[in-house]
Amino acid sequence: MSHEPFETLAAIYAVGALDGDELTQFEAHLPTCPACEAAVRDAEETLARAVLTAPPQAPPAAAREALMRRVTERRDVRSRAWLRWAAATLVAAGAAAVFAGTWVAVRYEARLGQMAREMAAAKEALREELSLDRRAVELLRDPTTRVVDLRGRDGAAAANGRMIWNAAGGGHLLATGLPPAPPGKTYALWAIARGTPRPVGLFAVDANGRGGHRVAADTARDAVQGFVVTLEPEGGAPAPTGPIVLTSTR
Amino acid sequence: MRLPCHRGASLIVDGMPTPGTELIRAMAAGDHEAFTRFYDRYAPLVFPLVLRVVGERADAADVLQDVFWEAWRTAAAYDSARGTPEAWIVTRARTRAIDRVRAVRRRSETFVPALDAASAPAAPGGDVAERAGDRALVAEALARLPAPQREVIELAYYAGLTQSEIAERLEQPLGTVKTRIRLALARLRELVTLP
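So the sequence lines, in the order shown, correspond to chains C and X. Count the first sequence with the numbering used here and you get residues 1 to 250, in order. Count the second sequence with the numbering used here and you get residues 251 to 445, in order.
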């Protein structure tokens, strides 16, 4: 800082005559020094009051008009800008809503589609189950229908089976207590005629150990004497190879 | 507190003088009526200063518009604790006027500051009527300063010269110029505060 008394620097600064390093230093010093700030303010007040002792003089009327127009126009511009902003915001919000709506709709449709497919699959399963039960009931109505018990053997001692059999109408196997077939294996049902097993179908069991299989009638064949269920490789085999899990023979 | 912004619903009451600080506060709230009154009150007071600095009436009207436009836009930043409305608008007007003069000087590149007719009343020549008109623009308080003090204020405040430029111009030591400015301010302070 200079050695000048601050009243002098404040006065020179206030009349706009401070220059060079003194100006730089004083301007850096000013915000940190309330005394210097007050001195500058005091000098500015003095100058303002001195200046205003000059006789007033009306500026050109055009200046006033132009200024007032400018102020009013600027407000209009501002309000128009606000309107544009609002409009743009609304458009953006609308687009966002449409987008969100579409997205929700697409998601909803996808979910609905999935539900419909699930429903259709469930319906199909129920229909299949129902038709099996109906056939079983029809078979049971037939006086010539026999119910053959199958008992568990080997690794499936807890298993039980019932074969509803009609020589003319075919048959229906209902099995319980069977463990799920190991990977790569499946259960195979055999019809025994003349002491020889004939493959009549492959089936799986559900998590509760229940399984079933419908057997078409084959009147051309010899009379069936009994039924056997074995564990066979996936895809089956022409003749039993695996262990017997259920059998109607004693 | 901010005043509600309603065109035509000015909170400034007619019939009694409203303090300048109230007008600026209303301007900050967007009150056109307050701005009109602010302009009508201060423009005729400030215009002689601007005209004195820039010289041309058309230029002075231009600068005046800029000054009041700036006042309108920055009214919210006005702090009455930091100065009177008079100092606020006068300081702004002087700065803008000097800016204009300096810009013109930079453009013309031919500036050789001439001692103002009013600051050198003993200088011969010049149109008598013009000089009389000029003299009418000189602030009364300024006219009552001793000539050497008035001279440095004229050169600094109205012509925009710095202390170094004034010293060179007057062929006086810088310290003398500094002292004259300080003395001038002290004297002006007495003049404007006397009852």
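Do not take every clue at face value.
[Unchecked claim] Here are the computed distance ranges between Cβ atoms for each label pair:
#1 97/C to 356/X: 53 to 63 Å
#2 393/X to 61/C: 26 to 36 Å
#3 56/C to 436/X: 25 to 35 Å
#4 29/C to 440/X: 38 to 48 Å
#5 271/X to 38/C: 17 to 27 Å
#6 56/C to 319/X: 30 to 40 Å
#7 269/X to 21/C: 37 to 47 Å
#8 21/C to 294/X: 38 to 48 Å
[To be verified] For the chain C half of the interface with chain X, some residues (derived, Cβ under 8 Å), not all of them:
#9 54
#10 71
#11 101
[To be verified] The following residues of chain C were derived to be distant from chain X, with all beta-carbon distances above 12 Å:
#12 5
#13 63
#14 66
Hints in this document: simulated from the structure, not taken from any laboratory. Note that the coordinates shown come from a computational prediction; the quantities given were computed from them, not determined experimentally. Note that CB positions come from ideal geometry on N, CA and C, so glycine has one too.
**OP:** Taking the shortest Cβ-to-Cβ distance between residue 66/C and chain X, state whether it exceeds 12 Å.
**Re:** violated (6 Å)
Subject >> Status of the stated non-contact between residue 5/C and chain X (beta carbon gap over 12 Å) >> reply: Non-interface label on residue 5/C violated, nearest chain X Cβ at 8 Å vs cutoff 12 Å.
**OP:** Check the following: the C-beta atoms of residue 21/C and residue 294/X are separated by a distance inside 38 to 48 Å.
**Re:** holds (40 Å)
**OP:** Evaluate the given range 30 to 40 Å for the C-beta pair formed by residue 56/C and residue 319/X.
**Re:** violated (21 Å)
Original post:
For the hint on residue 71/C, does the least C-beta distance to chain X fall short of 8 Å?
Top reply: This hint holds: residue 71/C lies near chain X, its Cβ roughly 6 Å from the closest one there, short of 8 Å.
**OP:** With a cut-off of 8 Å on the beta carbons, see whether residue 54/C makes it to chain X.
**Re:** holds (4 Å)
**OP:** Indicate whether the distance between the beta carbons of residue 393/X and residue 61/C respects the range 26 to 36 Å.
**Re:** Once the Cβ atoms are compared, 29 Å apart, the range 26 to 36 Å for residue 61/C and residue 393/X holds.
**OP:** Note whether the CB distance of residue 97/C and residue 356/X lies within 53 to 63 Å or breaks it.
**Re:** Distance hint for residue 97/C, residue 356/X holds at roughly 56 Å.
Subject >> Supplied distance hint 38 to 48 Å, evaluated on CB atoms of residue 29/C and residue 440/X >> reply: violated (27 Å)
Original post:
When you take the CB atoms of residue 269/X and residue 21/C, is the distance between them in 37 to 47 Å?
Top reply: holds (41 Å)
Original post:
Does the CB of residue 101/C sit less than 8 Å away from some CB of chain X?
Top reply: violated (38 Å)
Original post:
Is the distance from the Cβ of residue 271/X to the Cβ of residue 38/C consistent with 17 to 27 Å?
Top reply: Holds, since residue 271/X and residue 38/C (Cβ atoms, about 19 Å apart) stay within the stated range.
When held up to the earlier numbered hints, the structure conflicts with 4, 6, 11, 12, 13, 14 and fits the remainder.
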